[in-house]
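Single-letter residue listing:
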Amino acid sequence: MDLINVDSVSDVNELEKLIASRKPGFCLPQPFYTDPGIFDLDLQKVWMRYWLYAGHTSQLPEQDSYFLFRLRAESVVVLRDENGEVRAHANVCTHRGSCILTEPSGRAKNLVCPYHQWVFRRDGSLRAAKLAESAMDPRRSGLVPDPGKAFDASLYGLKSVHCRVLEGFIFLCFAPDPPSFDRLVDIYKPHLEMYKIADTKIAFSKTYRVASNWKLIGENARECYHCGVGHPEYCRVIPGSNLLYSMEPFERLRDKKLEEWAAKGIPTYGVNFEDANDWVYCLRYPYSEGFVTESLDGEQVAPLLGHRQDPDVGVFSIVQYPDFWLDVNPDHLTHFVLRPVSATETDVEMTWLVRKDAVEGKDYEVDKVIAVWRTTGEQDWRLCADNQLGVNSRYYQPGPHTPVEAGPEQFDSWYINELLKP
Amino acid sequence: MDLINVDSVSDVNELEKLIASRKPGFCLPQPFYTDPGIFDLDLQKVWMRYWLYAGHTSQLPEQDSYFLFRLRAESVVVLRDENGEVRAHANVCTHRGSCILTEPSGRAKNLVCPYHQWVFRRDGSLRAAKLAESAMDPRRSGLVPDPGKAFDASLYGLKSVHCRVLEGFIFLCFAPDPPSFDRLVDIYKPHLEMYKIADTKIAFSKTYRVASNWKLIGENARECYHCGVGHPEYCRVIPGSNLLYSMEPFERLRDKKLEEWAAKGIPTYGVNFEDANDWVYCLRYPYSEGFVTESLDGEQVAPLLGHRQDPDVGVFSIVQYPDFWLDVNPDHLTHFVLRPVSATETDVEMTWLVRKDAVEGKDYEVDKVIAVWRTTGEQDWRLCADNQLGVNSRYYQPGPHTPVEAGPEQFDSWYINELLKP
Amino acid sequence: MDLINVDSVSDVNELEKLIASRKPGFCLPQPFYTDPGIFDLDLQKVWMRYWLYAGHTSQLPEQDSYFLFRLRAESVVVLRDENGEVRAHANVCTHRGSCILTEPSGRAKNLVCPYHQWVFRRDGSLRAAKLAESAMDPRRSGLVPDPGKAFDASLYGLKSVHCRVLEGFIFLCFAPDPPSFDRLVDIYKPHLEMYKIADTKIAFSKTYRVASNWKLIGENARECYHCGVGHPEYCRVIPGSNLLYSMEPFERLRDKKLEEWAAKGIPTYGVNFEDANDWVYCLRYPYSEGFVTESLDGEQVAPLLGHRQDPDVGVFSIVQYPDFWLDVNPDHLTHFVLRPVSATETDVEMTWLVRKDAVEGKDYEVDKVIAVWRTTGEQDWRLCADNQLGVNSRYYQPGPHTPVEAGPEQFDSWYINELLKP
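Protein sequences, first through last, are from chains A, B and C. Per the numbering used here, the first sequence runs over residues -7 to 414. Per the numbering used here, the second sequence runs over residues -7 to 414. Per the numbering used here, the third sequence runs over residues -7 to 414.
The following block holds chain A by itself, in its conformation from the complex:
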């Protein structure tokens, strides 16, 4: 990967000028998509402050299971403590800084550093630091200051990271003072609880290294201007996504379904992006006629989630900045998660979940479950990589957002807003 046409923005004034140069109604000036200094700023101002999707409780099947969450240089151990509570700790020994768990997932009763065997409890506290407390042999104590001073284990617990669970989804936040998680619960829970998402399992997951700044992917995922030609499969499933056609039939269908669902007691409220402060969105909407889920032929591809007998609940979608996009179908879920790698690279992890008790080959076939979104995702990652290539050029100038690009416009405005926060 080459970083091109880019000077590292080391100067605050230069940054202020750059932020001021962003014209509302247009996409962002080049350095926001290419500059390594801006990329570091994005990590600080956005990624280290927001709730990030970490994984699913089905990834912690045993009392002593763990998995690692990774974002750039950060590695976080996600596990259950002695009380079964999901916790997250920096995977960094407080002694000489070794990473403690090296496998991406596994089981660990205690967290034992492989270097000098310091032992941490699952709540992060230091349980034993062999030879730290007393010099076995005073001749060895050498230059170490105050060797006689008692070692205070309470100073050397693992650093913890905020961690919350919502219907089986595990989120974490690096900020000392995270945004309200309860608000997310209030928004999502009434919609989600009928699906019993905690009782699902991962049917398939794949990570794509996309040669694109994370914000180009964010913008892409906030508009359907490109769907008509870019996503023929998706457009067959989701009415109203081909913007070349009149919206009227879709709106009539949607209004009818919302009434039906409301009558059945299914939540129909949505949360929209109103202004540049908003970072969470959800919506329930219908499939095209003849479709009961996001599958190529519209047929159900896995057993219904939760206790429902009736598949007719449409699709429930969540967008949560900066990293989480979710579609809940009656029979399976699919989400993708962004992980910035560099100014011009992003890992995108796509995951599909089905009922925990569903049997592969009998109750579902992976290919059918993933077909629509694997295709749609791969179409998008290609579009985003091509977008990056053009944005790298010295001929790139931010172009205008058309009336159907209110989504990227809101995304860009939200992002600029975050940079302006102290």
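Simulated from the structure, these hints should not be mistaken for laboratory data. Keep in mind that the hints are not guaranteed to be accurate.
Claimed, not checked - Just some of the chain C residues that point at chain B, by a computed CB distance under 10 Å:
id, residue
1, V78
2, H81
3, R88
4, P106
5, H108
6, R119
7, A120
8, L147
9, K151
10, H154
11, R156
12, V157
13, L158
14, E159
A virtual CB, placed ideally from N, CA and C, is assigned to each residue, including glycine.
Given the coordinates of chain A, work out where chains B and C should sit on it, guided by the hints.
Relative to the frame of chain A, chains B and C by itself:
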């Protein structure tokens, strides 16, 4: 690739001091060959200002053919417009900046952006921007400012790049105000027209990634001090290239041939590098006795170019800074073109052309056509890479140019001159 | 490799603050292990000032043998001059800076630059610079200044690097004014001479690219806190290396052996690291009961070195900052040498030597000679790479050195001391 011993030159004063530290008669101080900041400066001050060789009209066989010219982050579409005129446009959509054409060459009636299908004419103007002009659904218009304001397509044509054709060779220039192309026509055309270069085709082309700053390659190609030992094959073909031998026999031969050619009406004038302002050079000179072209055994390797029956026209050579080196033989052409990649890497594209109507296997064999210059080029790329390795060291100091290195001396002086221009 | 969480330290004040932020008794703040600017500083302040291990005289078997020493961009030719003296010269031609010898080792009567065939004698002086002294053809002299002025070959000898040999070990130093080498001779020679190390040969050598800052490897090699669990094989061989056990039995054994060795006239003195100024250490100590060398089963694995009949001399160890760790066994030697590659990468070359007249397959088997240290080394490189991973995190904070980590504490203090020198 490792950039070594190098501090990025961010400070103008530091740059001025560095430029001042260059001693005439010596090669350049280390940072000019190794520093990424200087490399960016080279792109701005040299590569973005000069005419660059882009390709050959035989690469645009159809009315709707195109090919891409690439230099670092820049991608330029080279094509014919409706009037058959060769044009060059930045391959960057004026909407959200996607690159438009992604294949290195092909056919395209219009330039359609793969992202949102904005359609550009071959002259670069915006023909259609679907959904941009009016909001189909006002509810979608969201945050976009002035949605009612009419969309002005004339603001969003592709950025054009200067483009000129000379005897089939296509050159482009990124500068708003390029150097005189007519001067190049005046210099080259009388020499070139008898070869009918527009009626040739590419017989072979290969790009080498050379681990060397582009200026080390430029210096190398401006002297034959290294030829005697470095290029035994070339020295057999070109008399006077082994500087260890007396120049007298070569000079007698040359003077005799120049007289003969003049008598036959063949142009014999040359354009020499006189001082640090010169960036173009051409010369006609004879082969060794018994050679009629640049082939290993001196035999003709392809049908004669143009309408001539008589192969005896010697070789006509062009050097055009910063990127173009050409030898025209009576039966084939060969040129190499530089494309800077980083401070310590350059792509060198070597190309050989023969008559368009020549049939491979019958009229010519590729191996014989390319033998002398493939060998000579590969010898040079190795020498240049070894040169870079030494220049990276903290023990490198610019050494003296000997009397036979007036070429690199002029090249270095020209380069320093360009940096000093505002 | 990703450099993460790191701002290049370009500012002197910032550096002073950073150095001041190092708390004695704790390992180093993050940027010392991750920052490219600090890494460049390490090269200048440490690596360019100290004696570095270059190789062994057995690598120069013939009068005209040479080998290359490489450190980052530096390439140094190590050879014997006409008097048989080992010399070291920068492998950089004083003409246009080409590297002269391109193969890692070989034979060369003179050093002939492959570019323009300037010829250097083995003492570094310029013997011939073809065409440099006089213009063969005044028309070629072009822009080169003062073409009439005589060329002074004495100005263009190769740059030399300090080079010394000690019992077959070749060390070099880039500093104009190196630390006292005689002091090293005084310390090592009485211990080493009985082994006749000049009469050994390399039995095996392997270079590991370790994803770790060189100082993490240095710290690792200065403590045995990690040995008990990390190095079971080594702990079986070397008593006292498992710090979980009482040191008493080891100390009794050591005292007894030191007395026995002294009685036999074997040197028993050691040189310890006393304070932050020390950079050399040596010690003689016993094997575990039943072991006569560093082999898995304790059995001798090669013919005894030197003229001794009695293997009972223990192991003699050297640590020499910043790059050299040596264990001399009665039948073989092993050493590892560090070569910094970047802030987060280091090459570690491990080498084993046996008697020159020993025959592989008959007198020794490579696998048995290298078993203990190959295993131990590979265990360490893994620990060091894991250490780096954790240190890259924003959650890393320098942790406390325990009483058994006086070694790393001294190493870190020495290093900080070096940075503070002008």
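The hints, checked one at a time:
Because the closest C-beta pair between V78 (chain C) and chain B is about 19 Å apart, greater than 10 Å, the hint is violated. About 9 Å separates the beta-carbon of H81 (chain C) from the nearest beta-carbon of chain B, less than 10 Å, and the hint is met. Annotation: R88 (chain C) was flagged as interfacial toward chain B, and the flag holds, the nearest CB pair being 5 Å apart, inside 10 Å. A distance limit of 10 Å between C-beta atoms decides the matter here; for P106 (chain C) the minimum to chain B is near 6 Å, and the interface restraint holds.
Look at H108 (chain C): its Cβ gets to within about 5 Å of chain B, closer than 10 Å, so that hint holds up. A cut of 10 Å between beta carbons decides the hint on R119 (chain C): the least distance to chain B is about 16 Å, and the hint is violated. Because the beta carbon of A120 (chain C) sits about 12 Å from the nearest beta carbon in chain B, more than 10 Å, this interface hint is broken. Evaluation of the L147 (chain C) hint against chain B yields a held restraint, the C-beta minimum of about 9 Å falling below 10 Å.
The interface hint given for K151 (chain C) holds, since its Cβ lies 5 Å from the closest Cβ of chain B, which is under the 10 Å cut-off. For H154 (chain C), the interface hint is violated, since its Cβ never comes within 10 Å of a Cβ in chain B; the closest pair sits about 13 Å apart. A least Cβ separation of about 19 Å between R156 (chain C) and chain B goes past the 10 Å threshold, and the interface hint is therefore violated. For the restraint placing V157 (chain C) at the interface with chain B, the shortest Cβ-Cβ distance is roughly 22 Å, beyond the 10 Å limit, so the hint is violated.
With a least beta-carbon distance of about 24 Å to chain B, the hint placing L158 (chain C) at the interface is violated under the 10 Å criterion. The beta carbon of E159 (chain C) comes no nearer than 28 Å to any beta carbon in chain B, farther than 10 Å, and the hint placing it at the interface is violated.
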